[in-house]
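Hints given; two lone chains; assemble the complex.
Residue numbers (this note's numbering), protein chains in the order written: chain A, 1 to 351; chain B, 352 to 900.
Treat the hints as calculated values from the structure; they're not laboratory data.
Everything numeric in this text was worked out from a predicted model, so none of it was measured.
Mixed in with the good hints there might be a few duds.
Unchecked claim - If you want a taste of the chain B side facing chain A, the calculated C-beta under 7 Å gives, among others:
1. 415
2. 419
3. 428
4. 429
5. 464
6. 628
7. 637
8. 640
9. 641
10. 660
11. 661
12. 823
13. 839
14. 842
15. 877
Cβ atoms here follow ideal geometry from the backbone N, Cα and C, with glycine treated the same way.
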Amino acid sequence: MENLVAYSLVAVYSAMGVYTVAFILFTLDLAKRSVAATDAASAAPAEAAAVASSSSATVTAASGSSATVTAASGAGSASGVATTIERPVTAAASALSTDGPVGATRFQKAAVALAALGWLLHLAAVLTRGVAAERVPWANMFEFGLTATAVGMGTFLGALLWKDVRYLGAYISGFTLLALGIVTVNFYVDVVPLPPALQSGWLVIHVLVAVLATGFFAIGAGLSIMQLLRSRAAASKAEGLRFVQTLPGASALESLAYRVNVVGFVFWTFTLIAGAIWAERAWGRYWGWDTKEVWTFIIWTLFAGYIHARATRGWRGDRSAWLAIIGFGAVIFNYTVVNLFFKGLHAYSGL
Amino acid sequence: MEPLRPSDHIDADALAAERAAERDDQEASGDARGASAAIAQPALGAVGWLRFAWRQLTSMRTALVLLLLLAVAAIPGSLVPQRSADPNGVVQYREDNPELFDILDTLQVFDTYTSVWFSAIYLLLFVSLIGCIIPRTLHHARALRSAPPKTPARLGRLVGYRTMDAPATVEQALDAAHAELRRRRYRVARYGDSLSAERGYLRETGNLVFHMALVGVLATIGFAGGFAYNGQKVLVQDQTFVNQLTSYDSFNPGRFFDDARLDAYGIRLDEFSAEYGLDQTTGIVQPLDFTAAVTVTENGEQRERVIKVNEPIDLAGTRLYLLGNGFAPVVTVRDAAGEVVFSEPVAFLPQDANLTSLGIIKVPDGLDEQLGMIGFFYPSALPLESGALTSIYPEPDQPVLTLNAFTGDLGLDDGVPRNAYALDTDDLEQITGGDTGTDSLVLGLGQSADLPNGIGSVEFTALPRFVSVDIHHDPTQAGVLVSSLLILGGLVVSLWVPRRRMWVTATATDDGVRLQYAGLARGDDPGLEQAVADLADAHSQRLAPTLES
Ligand code: HEM
Numbered sequence: 001m002e003n004l005v006a007y008s009l010v011a012v013y014s015a016m017g018v019y020t021v022a023f024i025l026f027t028l029d030l031a032k033r034s035v036a037a038t039d040a041a042s043a044a045p046a047e048a049a050a051v052a053s054s055s056s057a058t059v060t061a062a063s064g065s066s067a068t069v070t071a072a073s074g075a076g077s078a079s080g081v082a083t084t085i086e087r088p089v090t091a092a093a094s095a096l097s098t099d100g101p102v103g104a105t106r107f108q109k110a111a112v113a114l115a116a117l118g119w120l121l122h123l124a125a126v127l128t129r130g131v132a133a134e135r136v137p138w139a140n141m142f143e144f145g146l147t148a149t150a151v152g153m154g155t156f157l158g159a160l161l162w163k164d165v166r167y168l169g170a171y172i173s174g175f176t177l178l179a180l181g182i183v184t185v186n187f188y189v190d191v192v193p194l195p196p197a198l199q200s201g202w203l204v205i206h207v208l209v210a211v212l213a214t215g216f217f218a219i220g221a222g223l224s225i226m227q228l229l230r231s232r233a234a235a236s237k238a239e240g241l242r243f244v245q246t247l248p249g250a251s252a253l254e255s256l257a258y259r260v261n262v263v264g265f266v267f268w269t270f271t272l273i274a275g276a277i278w279a280e281r282a283w284g285r286y287w288g289w290d291t292k293e294v295w296t297f298i299i300w301t302l303f304a305g306y307i308h309a310r311a312t313r314g315w316r317g318d319r320s321a322w323l324a325i326i327g328f329g330a331v332i333f334n335y336t337v338v339n340l341f342f343k344g345l346h347a348y349s350g351l
Numbered sequence: 352m353e354p355l356r357p358s359d360h361i362d363a364d365a366l367a368a369e370r371a372a373e374r375d376d377q378e379a380s381g382d383a384r385g386a387s388a389a390i391a392q393p394a395l396g397a398v399g400w401l402r403f404a405w406r407q408l409t410s411m412r413t414a415l416v417l418l419l420l421l422a423v424a425a426i427p428g429s430l431v432p433q434r435s436a437d438p439n440g441v442v443q444y445r446e447d448n449p450e451l452f453d454i455l456d457t458l459q460v461f462d463t464y465t466s467v468w469f470s471a472i473y474l475l476l477f478v479s480l481i482g483c484i485i486p487r488t489l490h491h492a493r494a495l496r497s498a499p500p501k502t503p504a505r506l507g508r509l510v511g512y513r514t515m516d517a518p519a520t521v522e523q524a525l526d527a528a529h530a531e532l533r534r535r536r537y538r539v540a541r542y543g544d545s546l547s548a549e550r551g552y553l554r555e556t557g558n559l560v561f562h563m564a565l566v567g568v569l570a571t572i573g574f575a576g577g578f579a580y581n582g583q584k585v586l587v588q589d590q591t592f593v594n595q596l597t598s599y600d601s602f603n604p605g606r607f608f609d610d611a612r613l614d615a616y617g618i619r620l621d622e623f624s625a626e627y628g629l630d631q632t633t634g635i636v637q638p639l640d641f642t643a644a645v646t647v648t649e650n651g652e653q654r655e656r657v658i659k660v661n662e663p664i665d666l667a668g669t670r671l672y673l674l675g676n677g678f679a680p681v682v683t684v685r686d687a688a689g690e691v692v693f694s695e696p697v698a699f700l701p702q703d704a705n706l707t708s709l710g711i712i713k714v715p716d717g718l719d720e721q722l723g724m725i726g727f728f729y730p731s732a733l734p735l736e737s738g739a740l741t742s743i744y745p746e747p748d749q750p751v752l753t754l755n756a757f758t759g760d761l762g763l764d765d766g767v768p769r770n771a772y773a774l775d776t777d778d779l780e781q782i783t784g785g786d787t788g789t790d791s792l793v794l795g796l797g798q799s800a801d802l803p804n805g806i807g808s809v810e811f812t813a814l815p816r817f818v819s820v821d822i823h824h825d826p827t828q829a830g831v832l833v834s835s836l837l838i839l840g841g842l843v844v845s846l847w848v849p850r851r852r853m854w855v856t857a858t859a860t861d862d863g864v865r866l867q868y869a870g871l872a873r874g875d876d877p878g879l880e881q882a883v884a885d886l887a888d889a890h891s892q893r894l895a896p897t898l899e900s
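Bound-form chain B, shown alone (with noise of 0.2 Å):
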């Protein structure tokens, strides 16, 4: 017998079915010839005990129950946040549940998809995918060129089998078989007086198409991705970002990035302007449209560009999103004497979809001591019966930022990197808001209110937009996409391709030929039994004319 590809197994089976023709005994014995074959590997020594690793890794059961663990090994990735996706909500998970966290991260859990457990899994998968595939396609070439295999002995236990007596000669039976058997695309070969024929090579092919496809991802993933980055930063209305690392607000370079891979450009943001609806029974507000008109320069070059969600655009090998959107307040403070010694815009977090957003603001030189403010801004601010204000409406028809300041020590000299959004209050005092018995400041656009103790004062200057937009690098997408459509295609091939075997016999009778018709199904193969049919009727009429002349 011809050897066996690992899709053979059922075929193996099929084959056997000379022997047995249930599908139940089949199974059941299946089981116990794996059983066996398992057991009997003889000893072998070190080369033998590595083959049989082999042949256990790149087994199909094997196959199978790594698919069945990788399922399972992505699970807990869904249930905490992690590090790659979500980086603040690992941060919460770990105030929230400090034991439970050490825990998880000695285990990875946080970083689940680059874990040591999760790679080990897909790399052993794909090893026995690589294992797998390389037999099958040097076997699926050989077969590709060789001819369809000798009939066997007895058809009677194979699918579809049929005899049918005809009055013709043996010769003439076989050669109308043949000529049907071509017309319905068989490949088809004559050993004695019978014919054997295949057809479907190209579900293997799609099959192995598929698999190879799989490696594609992969691989591309692996190797292009190393030169593949991402970087984020807020851009400020009328603040003009240039493409260099010191840039960039955060930047996540792949394994092979050196700097100079980026390409000078300068981005600046002309204006953002958001659409809101509002549903007058719910009083949701809904977000329709945001739009970033920015001005690029290129080469000394200068050209008008939109950005907008979903619609990202192309600069210089890089790919710039539109991600994210709010305000930026720009704040004066005073010293005593009425001196500016700080006036910037200061980016805000939105908090809610009514763009209620938090903000720090670090004032580091020019006053006695450092001051550290924490605001609120809400743009449609309304005052709550408690007192509290809210934001009603995500547009500035009613701007107002609260602010609670802080000074002493802000901790910006000692060499330790400060997140720029979080103020560590731990060693500072408060000067208003809270419990110091001075109210938080309050500020409309234009308005300005003095800090206590004579420090100096607080303006509320103007309220320009910002926009946080991502800028990514990745060379794994044309592979990425090619492979992926090769998968969808050899799926769609190897699923819907049936391939099958038929073989005719004819032996002389005394008033004509006996002829006997079988199929075998490669895979499954739904159709076989209509098909082996279909064959012995059309045989059958192109037999009758023989008979008339």
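Extracted from the complex, chain A is given alone in its bound form (with noise of 0.2 Å):
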């Protein structure tokens, strides 16, 4: 055992130094990135006209994926139907800025590649963790931290196969290496066995879905601070960083920032059930407004917020943005400060 818990940390270890060149590429994807953005912007006008200048033919497939979908599967039907398929300029000449990012460089399959391969030893010190203690590994703050991490991460790998969301590696890596380090460095603990509050089927399924929901909440957050940066780029007509426009466009980032914050949300409902029923077996009381249940209930409510706020004029857009940042924010405030510094049943920190 005390062998296992030691291959962990060295997987730790080795897994950071990989995210550390990981970050690096993709950090230097986004820089390279820049100088080709500058070309794309000047080029952009161009093209726009260009797709301007075609409108009138019946197909427009110079740009808009969907319109070379439809096109295709029109002929796709194959069964002789004449079908000519319109689509609006306007519609053709916003896909310009709000689809795929362009200008991704060759740092980026590298960076991309060597973050699957921390996280597979990521994976491994959490695996080799949870033998080595014989239960599950999300027991105390190092445990949390190491297995929320790897969530993360997960999340972010698992939705590039979904979506390209490759320009979030920089945030993501860092992010991760940045939480690995501290909790590694500050936050460990050898395995110990649990004291008897925590002796429940409700720590497997409670603490796993909280991790999962802070995994979702941290890219939902990258996803918010990414539209920021593009929104503020396109009001002020200023360089400021310019990888930002290779970003798709503010209001795609804010729709998908949206679509990952409610999968978070929903979990995190679904975390602050479950705490409430095993608060009730541990503590004789479901709700007793203890220093972890008000954070958690806190988060809660400004995600609610956050979704509401998407549904509220005048909230949309940067506004919820800054939400769900802040939301996220508190997230992480309840894992290290009402951890570590507040005092209240929840003393499972293992510091």
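Written out as structure tokens, the structure reads:
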């Protein structure tokens, strides 16, 4: 067992090493993109003009993937129906600014590969820790941090299969690296047996779901940060960070962030309910405004506010993005400051 | 146009998208419209103002602001101890910061979650919520029974707009579209040469269920909570607790409680056992298991039960939880003649992980003067270099009791309730320990020592254990659980069932029919554009055989 614990730590440090390189490459990618971005920016008006002038054509396949898709599938219905598809110019032109990232560099591929490798090591660290402890690897702050960052990174890599969000790579790998460093250096504790209050099936489910929620909120916050940068850049014609121009449009980022955050919110709601059920068994009441309960409630309320903001005039866009970021900030606060410095029943940091 | 539901903010914009397509535009104009709507409220006297105020209160923006306010208002309660959760912390806070304490106490910060300001926010929020649910429910009930609304005049600006030419008649095309929309579980209505279809009503249903269940939580707590009660009892080994008001150490009744509600049962602690693990490298002791074996007497029947942390037992509508444990040394005090004047187990409160414990012994009668003692108990005592003792393990391997004795008036007779776990030494004279020149009494198990001045003697007679048991009756649990599950279910449905409208129009052309398709999202719906495309594809496939025949 001692050995496994040591292996787990070795895996953590190796993962951190690999993540460091991935982070550097992701950052380089963004930096190099900015050069490409300036090119793209100067090219953009010309392209737009081209689209506009060809708009009278029946099929505007110049840009906008959906137009191409429909054209293809129209042909695919090979039943001889003569189909001609028209899409309005405005949609085609706006697709220019909202569609996938442009200007990704060759660093990106390597960065993603390294992030995946780092994640495998990271996962190995989590698993060996769990095996060594003979229980779930999330019973103290170190383990929670280790597992939550693995879930965050895993969610990011999984999301790549669904959407090209590689522009988040620098944020996620940087964040993971920082968090891993802090938990291993400052919060590390050896494997110890569970105190009676933690000996419950609810530890598995309540904390697992909290970890998942945290992973999703982390990515949501990343997207919201990008969204803010993007809308800043759009508002001020000034140069600013140039890679920003290679990102998807602010509203595409916003709706992506929303979709990620609502998954986090559902998980969080479940965490809250499961926590209350467990609290009833362990402490004799399902809700008692214990500090950790208070902060879980605050976070839930903030994200409920965020969801409302998205449906409220004047609050969509930047303001709702800020709410998502503040919400994630509260998650981090709940995990660090509340665990370490606030007094309460949730005294399980293991420190 | 049909009446707007509160959730139609975006939808309204989307309908207005016939005019404006760019989101950023919408936002800007949305702001402007919102502002002018507020200003344009005519001054209609009292009723008008009331209606205006109500509309403001039940607006989405107010709900949002109140939600955020609620989040912020919850923060102070996590920064300072709360009377409900940590009463000792509040006392400590008062000692540490007497001035700040008074200010904060006036502001009810030590009772944040029952304070006027916190209550005001959540009550307003729930009034707003109810004012928002009712019209939406009515509207939704109507929508469920009515046909999808008329096809907009111009589809060109709506989502996923596309046109397709097909060599078929208008009727053929519309019949095929109708069939296809039905297959996709749309509700379809025909208006002239167009179809209007809608699906995803479940989304709004889920949303309404979610919001109603929120009210359900609050209402359950508000009403059923009045019948709740809970109490605490320190139960020493071999002692029996009888479930009646006077037996409790502390008791918190709900508003509607009356003591006839307490069912008579008895419970005796037979044995308490604790298991610990010692980490050899760090020397840190970890509790592994606490088990209380008890005998329950109910309706004349006796049963043996086990209570553990995380495993409460249910008894006569109450639930019993094992929340704490410790040692209750039996101290026997004799007078100068050797007559026993006091012999009782006294629960000592644990102060650290190795169960160094602090206890207060009060002997009001039988001696010339009243006697009070402050005791420290060390289960596994080890002398430090300084001569002071410490406990190195939470099990009684080397139990030692030290006592500082005081004589004088304990203040028990003046009718003011006294904390059993505190000794007010201001008016007492210390006779052992401290600066008295006489050492504290130090007793191993079974040992005795004389008190100074020939007062008598003290013996450390026995060492039973105690557990502290919380007894709760909480009739809100079932209602809150059901509401919570509805919250979760409603949430999932309302976030992931897409609600959308779809239109198909057909216009006869020289060589067939020109079809137009478009959709409208009601709420967040990233897949809409694709859905319109899919519909158009499937439709053209359906039309294909028509042509061949
Ligand atoms: C206790 C306070 C409230 C909480 C915690 C809350 C929470 C939520 C949540 C989590 C959602 C998203 C999930 C869903 O659609 O079911 C939501 C949506 C919604 N809420 Fe609330 N809500 C509250 C009060 C209100 C009030 C007072 C109103 C009306 C003014 C309101 C109107 C809406 C509307 C219209 C939506 C749909 C938004 C959309 O389509 O995206 N809510 N609410």
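Each hint, compared with the structure:
For residue 415 of chain B, the shortest C-beta to C-beta distance to chain A is roughly 4 Å, which falls under 7 Å, so the interface hint holds. Interface hint at residue 419 of chain B: satisfied, since its Cβ lies 5 Å from the closest Cβ of chain A, which is below the 7 Å cut-off. Hint status for residue 428 of chain B relative to chain A: holds, with the closest Cβ pair at about 6 Å, below 7 Å. Given hint, residue 429 of chain B at the interface with chain A, holds; its Cβ is 4 Å from that chain's nearest Cβ, closer than 7 Å.
A distance limit of 7 Å between C-beta atoms decides the matter here; for residue 464 of chain B the minimum to chain A is near 5 Å, and the interface restraint holds. Here the hint on residue 628 of chain B is kept, as its CB sits about 5 Å from the closest CB of chain A, short of 7 Å. Against a cut-off of 7 Å between C-beta atoms, the interface hint on residue 637 of chain B holds, since the closest Cβ of chain A lies about 5 Å away. At a threshold of 7 Å, the smallest CB-CB gap from residue 640 of chain B to chain A is about 6 Å, leaving the interface hint in force.
With its C-beta approaching chain A no nearer than about 5 Å, residue 641 of chain B sits inside the 7 Å limit, and its interface hint holds. The interface hint given for residue 660 of chain B is met, as the beta carbon of that residue sits about 4 Å from the closest beta carbon of chain A, less than 7 Å. Of the supplied interface hints, the one on residue 661 of chain B holds, with its beta-carbon coming within about 5 Å of a beta-carbon of chain A, less than 7 Å. At about 5 Å, the closest approach between the beta carbon of residue 823 of chain B and any beta carbon in chain A falls short of 7 Å, and the interface hint on this residue holds.
The interface hint given for residue 839 of chain B is met, as the beta carbon of that residue sits about 6 Å from the closest beta carbon of chain A, less than 7 Å. Nearest Cβ of chain A to the Cβ of residue 842 of chain B: about 6 Å, under the 7 Å cut. The hint holds. Restraint check, residue 877 of chain B versus chain A: the minimum CB separation of about 6 Å is within 7 Å; hint holds.
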